[in-house]
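Residue numbers (my numbering), protein chains in the order written: chain A, 1 to 405; chain B, 1 to 290.
Hints listed in this document are in silico derivations from the structure and should not be mistaken for laboratory results. A portion of the hints provided could be inaccurate.
[As the list claims (entries may be wrong)] Coverage of chain B stretches by chain A, computed from C-beta distances (three or more under 8 angstroms per stretch; other residues unrestricted):
no.	region
1	30-41
2	117-128
3	165-177
[Said to hold, decoys possible] In silico DSBU-like cross-links for lysine-lysine, where the CA-CA straight-line distance does not exceed 30 angstroms:
no.	chain 1	residue 1	chain 2	residue 2
4	A	K41	A	K116
5	A	K41	B	K286
6	A	K116	B	K22
7	B	K173	A	K276
8	B	K213	B	K275
9	B	K275	B	K286
10	A	K116	B	K173
11	B	K204	B	K22
12	B	K131	B	K204
13	B	K131	B	K213
14	B	K204	B	K275
15	A	K41	B	K173
16	A	K47	B	K204
[What the hints assert, rightly or not] Sample of chain A residues lacking proximity to chain B, with all beta carbon distances greater than 10 angstroms (derived):
no.	residue
17	R66
18	P255
19	G273
20	L405
Heads up, the beta-carbon is just placed ideally off N, CA and C, and yes, glycines get one too.
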Amino acid sequence: MTAQAHPNSFRTGPDERGHFGTFGGRFVAETLMPLILELEKAYNDAKADPAFHAEMRSMMTHYIGRPSPLYFAERMTEHFGGAKIYFKREELNHTGAHKVNNVLGQILLARRMGKKRIIAETGAGQHGVATATLCARYGLECIVYMGAVDVERQKPNVFRMNMLGAKVVAVESGTRTLKDAMNEALRDWVTNVADTFYCIGTVAGPHPYPAMVRDFQCVIGEETREQMMQAEGRLPDSLVACIGGGSNAMGLFHPFLDDRNVEIYGVEAAGHGLDKLHAASLTGGRPGVLHGNRTYLLMNHDGQIEDAHSISAGLDYPGIGPEHSWLHEMGRVTYISATDQEALDAFQLCSRLEGILPALEPAHALAKVAELAPAKPKDHLMVVNISGRGDKDIPQIAEILGTRL
Amino acid sequence: MLKTAPMTNRIDTNRIEARFQKCRQEGRAALVTYVMAGDPDPETSLDVLKSLPGAGADIVEFGLPFTDPMADGPAIQAAGLRALKQGQDLAGTLALIRRFRDEDASTPVILMGYFNPIFIYGVERFLVDAKAAGVDGLIVVDLPPEEDDELCLPALQAGLAFIRLATPTTDDKRLPAVLENTAGFVYYVSITGITGMATPDFGKVSTAVERIKRHTPLPVVVGFGVKSGAHAASVAQGADGVVVGSALIDALKGTLDENDRATSRTVEAVTTLVKDLAAGVRSVSKKAAA
């Protein structure tokens with residue numbers, strides 16, 4: 001890849017064709033193209049409508065419970081003896097993760113567009129639960145596609161979705177995980193174009209999804225800026241977040257991209273290790289085209305998509321949002337990775353030191369905080385996004401630790 | 001903004017044009033068949049491909065297997081996975097087409113699939129190798145006109161037809177953009193949906209074809225949901241050609257043993273259905289072109 005000049009701003013993308021540098025785009029079947037153009041127009045209209053923002057704000061406050069706190073993790077700070085560690089508490093949102101921020105935006109948009117049938121893909125089930133929740137709240141039909149492997153390892157979330165009135169479809173095709181759930185959701189959308197809105201859960205897919213989902217998640221970073229100014233009178237020195245598709249990370253990072261002194265770390269899932277089965281698309285993949293966009297992917301010599309692996313169903317995806325691929329090549333964000341074991345250790349450490357059970361996804365971010373924080377001075381302000389809570393992972397972790405529930 | 005291919009491009013659609021010309025002279029629609037390269041193994045898929053023109057196929061489409069075919073139904077998904085399991089890759093598919101061309105110089109060959117394997121092979125290298133192998137056209141499902149820079153325009157430059165899909169959601173406002181850089185023929189997808197599932201309302205097909213023909217002089221072929229000679233005859237009434245894919249793959253799959261290996265009946269099962277489809281297409285007499 002040839003070196004690219006640094007832009008004046010990292011926050012102006014994508015261009016009108018949905019490109020972040022060479023990444024992104026609209027690689028979809030012709031059947032979907034008119035819908036994607038309609039969605040783009042509807043989103044631009046909504047963005048310019050104060051009533052849309054007012055409804056978002058009201059629901060964020062009274063339904064989701066925003067702003068989420070920025071919490072000084074005192075004991076973890078003491079434990080590592082370096083940077084002053086803050087948690088952005090996205091796990092305290094209604095439904096237990098950051099996913100609901102984006103779903104709220106998309107469901108309000110679907111209502112504006114008159115769509116009555118909502119489909120979604122889900123990995124860990126958090127995006128599925130958030131979608132099922134807002135569909136219940138607004139009386140919309142909800143169908144969630146979930147890989148059969150994930151249905152098995154995330155049973156509590158499957159039950160929650162059913163309680164909320166959603167239909168969960170266990171996807172048996174391909175590798176039976178998140179990427180196959182996304183294939184199946186796209187197949188549903190191609191078939192039911194007239195009445196269906198596809199609520200994508202991460203900053204990936206065809207334009208305008210990566211930009212739209214990012215915009216809906218940017219509330220995380222915007223609040224963090226304000227809260228840190230109040231707490232410390234200045235911006236943080238570093239940000240750390242886990243990355244599957246990368247929506248919680250993008251939401252935290254984006255409002256800080258032009259603050260060049262803020263170090264930014266994205267943590268991919270290294271699974272069993274980068275030389276074995278993993279889900280680290282940037283570290284172990286290369287650019288390709290899948291699910292509507294060009295981005296870094298795990299694949300073989302022939303462009304066939306390879307199986308990802310992570311202990312965390314939410315990170316178990318062989319790709320990553322296209323804007324992350326661009327930020328990686330621009331060098332603005334440093335992408336690192338944590339293994340299954342490191343995440344499991346961090347999960348237990350955080351639970352005991354802070355009384356917070358993080359989901360296995362942000363446990364990957366915490367695992368790298370364990371490496372980054374001790375090397376920093378005591379006045380270094382580090383924010384880690386606790387993107388979800390660990391309740392959904394309890395049965396899986398208990399099994400790994402040899403406990404029968 | 002979409003770019004237009006230069007007027008002086010060297011689109012060598014001779015085989016495709018000649019074949020539609022021949023069908024018009026015979027006063028009938030063309031039969032376009034789709035099978036998957038490498039399904040259930042490379043040699044059998046080549047035998048199947050070779051058998052198609054003799055059974056009545058006018059144009060053959062060879063599917064490029066892909067792990068994540070997001071516009072395809074279960075039949076083609078499974079066919080792709082069977083092929084990948086046998087190690088089929090893009091280089092291997094081009095090698096099979098070279099061998100087909102050694103014996104058949106006139107039947108148009110269209111490669112149909114998804115962009116990623118081509119992108120990873122390298123667009124420039126792919127176009128040179130595909131042209132040399134005797135490929136006439138490309139159908140790449142996930143490249144709408146908005147992404148014409150990626151492959152469509154380079155393909156036209158290299159003398160390969162880039163055949164576009166038009167769908168029921170492609171309205172009159174959008175059709176000109178969809179047709180702008182299309183060459184060879186237009187493939188009308190008769191349903192909103194994935195391959196091999198719903199059967200279209202054949203009565204509506206001719207109306208849709210007429211709508212497209214108001215925008216282009218190219219032949220318009222119709223596919224998705226055509227499963228029998230009777231279906232083919234219905235579609236042939238309103239279209240310049242009929243495409244059949246999933247039904248052929250189902251016929252092939254029905255002959256495989258418990259380990260998905262070809263049997264002595266595999267090639268014959270496909271040709272039997274193709275003969276039925278060809279008879280259906282030929283049962284409808286169309287006015288010869290003026």
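Original post:
Hints broken by the structure, by number, lowest first?
Top reply: 1, 5, 6, 7, 12 and 16
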